[in-house]
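Each chain, letter by letter, is given below.
Number of protein chains: 4
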Amino acid sequence: MGEATIGIGVIGYAFMGRAHSQGWRSARSFLRPALEPELVALAGRDAEAVADVARRFGWKDTETDWRALIERDDVHLVDICTPGDTHAEIAIAALAAGKHVLCEKPLANTLAEAEAMAAAAERARANGVRSMVGFTYRRVPAIALARKLVADGRIGEIRHVRAQYLQDWLTDPHAPLTWRLQVERAGSGALGDIGSHIIDLTQYVTGERIVGVSATARTFVPERPLPEPDGHRTGKVTVDDAVAFLARFSGGAMGTFEATRMANGRKNALRIEINGSRGSLAFDLEELNVLRFYDGTAGGEAGFTRILVTEPEHPYLAGWWPPGHLLGYEHGFAHQAADMLNAIAEGTDPEPSFADGLAVQRVIGAVQASAARDSVWTPVEQSTQVA
Amino acid sequence: MGEATIGIGVIGYAFMGRAHSQGWRSARSFLRPALEPELVALAGRDAEAVADVARRFGWKDTETDWRALIERDDVHLVDICTPGDTHAEIAIAALAAGKHVLCEKPLANTLAEAEAMAAAAERARANGVRSMVGFTYRRVPAIALARKLVADGRIGEIRHVRAQYLQDWLTDPHAPLTWRLQVERAGSGALGDIGSHIIDLTQYVTGERIVGVSATARTFVPERPLPEPDGHRTGKVTVDDAVAFLARFSGGAMGTFEATRMANGRKNALRIEINGSRGSLAFDLEELNVLRFYDGTAGGEAGFTRILVTEPEHPYLAGWWPPGHLLGYEHGFAHQAADMLNAIAEGTDPEPSFADGLAVQRVIGAVQASAARDSVWTPVEQSTQVA
Amino acid sequence: MGEATIGIGVIGYAFMGRAHSQGWRSARSFLRPALEPELVALAGRDAEAVADVARRFGWKDTETDWRALIERDDVHLVDICTPGDTHAEIAIAALAAGKHVLCEKPLANTLAEAEAMAAAAERARANGVRSMVGFTYRRVPAIALARKLVADGRIGEIRHVRAQYLQDWLTDPHAPLTWRLQVERAGSGALGDIGSHIIDLTQYVTGERIVGVSATARTFVPERPLPEPDGHRTGKVTVDDAVAFLARFSGGAMGTFEATRMANGRKNALRIEINGSRGSLAFDLEELNVLRFYDGTAGGEAGFTRILVTEPEHPYLAGWWPPGHLLGYEHGFAHQAADMLNAIAEGTDPEPSFADGLAVQRVIGAVQASAARDSVWTPVEQSTQVA
Amino acid sequence: MGEATIGIGVIGYAFMGRAHSQGWRSARSFLRPALEPELVALAGRDAEAVADVARRFGWKDTETDWRALIERDDVHLVDICTPGDTHAEIAIAALAAGKHVLCEKPLANTLAEAEAMAAAAERARANGVRSMVGFTYRRVPAIALARKLVADGRIGEIRHVRAQYLQDWLTDPHAPLTWRLQVERAGSGALGDIGSHIIDLTQYVTGERIVGVSATARTFVPERPLPEPDGHRTGKVTVDDAVAFLARFSGGAMGTFEATRMANGRKNALRIEINGSRGSLAFDLEELNVLRFYDGTAGGEAGFTRILVTEPEHPYLAGWWPPGHLLGYEHGFAHQAADMLNAIAEGTDPEPSFADGLAVQRVIGAVQASAARDSVWTPVEQSTQVA
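These protein sequence lines are chains B, S, Y and L, in that order. Taking our numbering, I'd label the letters of the first sequence as residues 1 to 387. Taking our numbering, I'd label the letters of the second sequence as residues 388 to 774. Taking our numbering, I'd label the letters of the third sequence as residues 775 to 1161. Taking our numbering, I'd label the letters of the fourth sequence as residues 1162 to 1548.
Since the hints were derived computationally from the structure, they do not count as laboratory data. Small disclaimer: the values here were computed from a predicted structure and weren't measured. There could be a bad hint or two in this list.
Unchecked claim - Chain L stretches covered by chain B per the calculated footprint, using a threshold of three residues with CB under 8 Å from any CB of chain B:
1) 1249 to 1259
2) 1314 to 1326
3) 1341 to 1351
4) 1411 to 1425
5) 1435 to 1442
6) 1505 to 1518
Stated by the list, open to error - Derived Cβ-Cβ restraints for the label pairs, each shown as a range:
7) B/4 <-> S/392: 51 to 59 Å
8) B/32 <-> S/623: 35 to 43 Å
9) Y/1006 <-> S/509: 28 to 36 Å
10) S/447 <-> Y/926: 42 to 50 Å
11) S/439 <-> Y/1087: 51 to 59 Å
12) Y/943 <-> L/1384: 55 to 63 Å
We put the CB at the ideal spot given by N, CA and C, even for glycine.
With the hints as constraints, model all of the structure from the sequences given.
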């Protein structure tokens, strides 16, 4: 009724596939994007399982081959929710087919793949085909507000960036050896899976790039039981359980980063604190509706203000509930969907671009190189511009 | 595919209508209720507006007359999301038509209406027709966990119940005189709108009833501008801006209650603290994924434990995201929908019943009576059983 | 060396006697009051015990009879740290002897005694003799800052005052029946002991008086074992375990108050929140270095600011440690001592006066009267001016 | 008077001299150490200033030459509160004179001095002369409780140590160039001043040693105005404003450390979090009465427990106030004094020893070496045993 529509196809129906499905339809319901998304097709290899998810989420159709999904005329945007080792092939094919592409993070498991993807996106862009990488946490309203406060000069020149992503689901040494613990499938461990988020977010919020790092990585539990039914045997963990690195930002700020799945009691603690010459900001994903802001110019009333980021004037909030009614994890996927749809409608490039995703991969590469060479300071290649 | 389905009709498409729409479909997507809900029809008087909401949320059809919705053969459950002064008529009609009914809180604006509704629900129950009142906050996982801890005896004999529901949207004396500020439409002010929630929740969590109260009420801003386009004129506020009351629970606990829309800076601060002989519990809706539990038997390590209620073993969590991935305000509507669907499938009575809703109205009535008589202690009529 | 000195005599050497001893000498060491206090004599009935405390705290001399202490020429200020039933006799005698008097709260156990004390203070005042009641928490820097923000109009017209003093040391039903649980010695239970603090503080911070109340009181454990060696027998608790009351302030604000020793897990939770038309303030004694301030005029950056009240520009802080170095419970006694010494030196009346202490007693009296008469609304006699 | 006494002499009367003065006398008043300290003499070069402080704090006598203080027969314990470049000379002389020595941290400004001091302490020890370095924060009750929980195995095998000491007093680029910013006087900047605390504390709490580091350091504001009256001229800052390093503990844990005076809004945020295989601990000096403990074995009730460390059964608390009555910054000095006095009385070695202080210096040395060599991994010399 009025709005133009756009056909969406999602590849993958597990954790991420469901989160994206909810994102597309919630965007349509609450956020009034300039293009109204239609949930055309959901793809997955197990026909029965994908059909079940598709029905529950309101998808019109299903596919068991991602190539078939890409070829559908009624699919205009391909959303890739599969593991990282498949991203490059699918994304490049979809772009070549003239479909807009949203690709889950990390962009790829290897730098070479990421570079190929960024090049493909750049080529497709000439034809008006848009691409975006799914660093969804950029769409947490408190994070978007943080970026705005930095851009408005409210914290001044940035001196410290302190970022942690702490989880604990590998604390138990008997937790099974899933694909996420195998370098061939996952590319890396905590570094790529969750470290990539804090690399992207700190660059996003500060508007600066990481230019060099010194790193260390550890695998605390080198051998784990195989997943059932092979749980009586063990296999080797070939990725990091935890990584930490020191960094320098392009504007001179000192960064400290840590990503781990071994921080007992921290379930999803993505924490960022930024200290500047005029003020500071602090965020914790376990309290995602909150941004803490220190205004260093406030004199005797200075202190960290706990901003409950649920007001209509806050980023992304206008379509949702009254003030004080919290958003949750999944809302970021709706915001991401709406942002991409609006960019397509406006003919602009959505962010973060594949080039931004490549920039994150280059930091990851430098971290791995430093950790392998006695933590020696390692510059990050800077061919791309971070948004 | 396999599950039986049930046709849902929602009446009302504003704030609550949207929240319930999201609830029904999210229940289907994530929670696998025993009956799979179909979004059959959405009713509202403005045909164009209701059609817009219906399309965005995936409703099959719309109605502009609630009676037409009730009469549809494909609607088996009627969900009433209209203002309180219409609840009785619609609910009684729907029950008479053999439809299961979910009715938003408060059950009604007057005790007489609430009594009639409870009686109608009791009659319908004999025919296997189920009814429930929408005190959705019972479905916040932290609240459900709190009830479980109390029921398991973890805090012992209850001595204190401290409940506040603090909002601030009437702080500004120039905020307009909406229907919520007129006694004919709203029944009461903060008392019925938000006070009803803490009355229900404290009875739910403790498993006890409020047996007597002493109350005071205030209207701080007695006259306000009319809504636009009549903003140049003012009208009289005929409901309370704030109410506070002391209470006694059936088990002997002392209660203190406060509901206000004038607590500057508190956006949606529904707070409950319960102190018992063995421990304590504390909750704040502005941090809805958290329950604080004090185990008084823990010796030198005792303290309030901040339980992040996002583990698969916590109430309602199994269908959602991994630990530490927060739920938001709207998830309670999905839990409520699933609970009602499962009760219907099992042939049991969902809770809270209309009788429970009536019990809340009786507390509200006693509060109003006490406030009108110099705060004198006023017993609460106890003909109903609280779940 | 330069400053004039003043001889201090303290009566009582238990909990309060020690706190005041530390207060007087820390005031001298850190706060540079206009009169330098000399710790002349400490009085107590047990000669050996008082001598031990006196030596450890640096008192020059001891007395075993408070009358002897009052008569000493080298004692110019008498500080009364004994139980409430002895305050009137000692204070009136000391004032009559021309000594300045600091009297611990509550001023007295009965209204009649409090009135006599206020009258004696008023008479002595004509001769330049100063008196003060020890509501020490007024000297917590965060509280003093709160009062300043209110006085500066930063929160506007006050609408809500929410005050609780929660402790848990009577949670255990086997805790012994000490003098604090006997009405003859203690006057009342939680009401006078800790409720008096929140009555005084809310009046102090708001600058308004409580003009009426509706109250309820409870004794959850009516019988307790006697203190050892009589622990095999039990006695009757004759004071309240907990009290709650609704209140109205002179400026129209609605107040809710609760004082209890049965709030499991709350050790010393004196909490005050004040909501006004422009902003709000919140304080918790269990986090005594912090004041939370909500500036309702801050737009999209509004939120409760956690002010760490340890800056040199904050009240009382100039003499202590660098920013961020916390003060503790006992520092209030040093601030109180310095305030009284400076008032004496300047020839002004220190606050809170005995009249202020009497005003608190009158609120306590109204609370008791209301609780005894079915919580009916009870006005508070207003013959005195609260500072 | 029962207890044996011991004569104390303090050298230095500024910030640290006052904190130690309060510590010695509060220990005597509240903590009943086995040796009762007598405040015999306070030394400082400015006779008038030192006499003023001495009188206010109750010192019997003063000296203007530290050598004179050491030679006094009535001084049995020398407490060194002067800047770090004077520690070695004074401490070695005092030990040679047979005096017990308490020396403020850091032990010395250079490794060579620290080694000489540790050797002198070892020699003196043979004669029953005791020595201790003043890492006072070990005496914060929450820290002592943390160590106990680790030692009791409550958090299992340690995997992560996350330590920050964040201050902000150099945020302003116009803050003057004091001696603390000159390498000759201060040895280093944030690293030695505040970084030394988190090095010592993490080793103390974990019971493990730091065995290697990778580090980076920064001076954000390289030139500052000289202190008045020379404020119109500027000088070069020759120490670090901030330092960060990665570390490995002897048990295999990964450490991340950061010390800065540029973290806007963080006044005294010494934060430590330790994640182990069974649980976790978290501490922040800006909330010094609190320890957060995560018991990973608690199932669905697991969460970080906010232990208010003010119970009589908690370390150091028995002599102070009732539960919930907070301690402040200065109380650690009283605990430190009592611990040293009790060790002397018992004939045992107080901790941390000069050898422990030397171990901290060696970590500092390794950090400086790594920062100077492109952050390359640098082992820490391990000739000493950390307590």
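Tested hints:
1. 1249 to 1259: Not satisfied, violated; 0 residues make the cut.
2. 1314 to 1326: holds (count 5)
3. 1341 to 1351: Contact hint for the region 1341 to 1351 of chain L vs chain B: violated, 0 residues under 8 Å.
4. 1411 to 1425: holds (count 8)
5. 1435 to 1442: Since three or more residues must qualify, the claim that chain B covers the region 1435 to 1442 of chain L holds, with 6 doing so at under 8 Å.
6. 1505 to 1518: Contact hint for the region 1505 to 1518 of chain L vs chain B: violated, 0 residues under 8 Å.
7. B/4 <-> S/392: 51 to 59 Å: violated (32 Å)
8. B/32 <-> S/623: 35 to 43 Å: Holds - the Cβ-Cβ distance for residue 32 of chain B and residue 623 of chain S, about 37 Å, lies within 35 to 43 Å.
9. Y/1006 <-> S/509: 28 to 36 Å: violated (55 Å)
10. S/447 <-> Y/926: 42 to 50 Å: With a Cβ separation near 59 Å, residue 447 of chain S and residue 926 of chain Y fall outside 42 to 50 Å, so the hint is violated.
11. S/439 <-> Y/1087: 51 to 59 Å: holds (56 Å)
12. Y/943 <-> L/1384: 55 to 63 Å: Cβ of residue 943 of chain Y to Cβ of residue 1384 of chain L: about 57 Å, so the range 55 to 63 Å holds.
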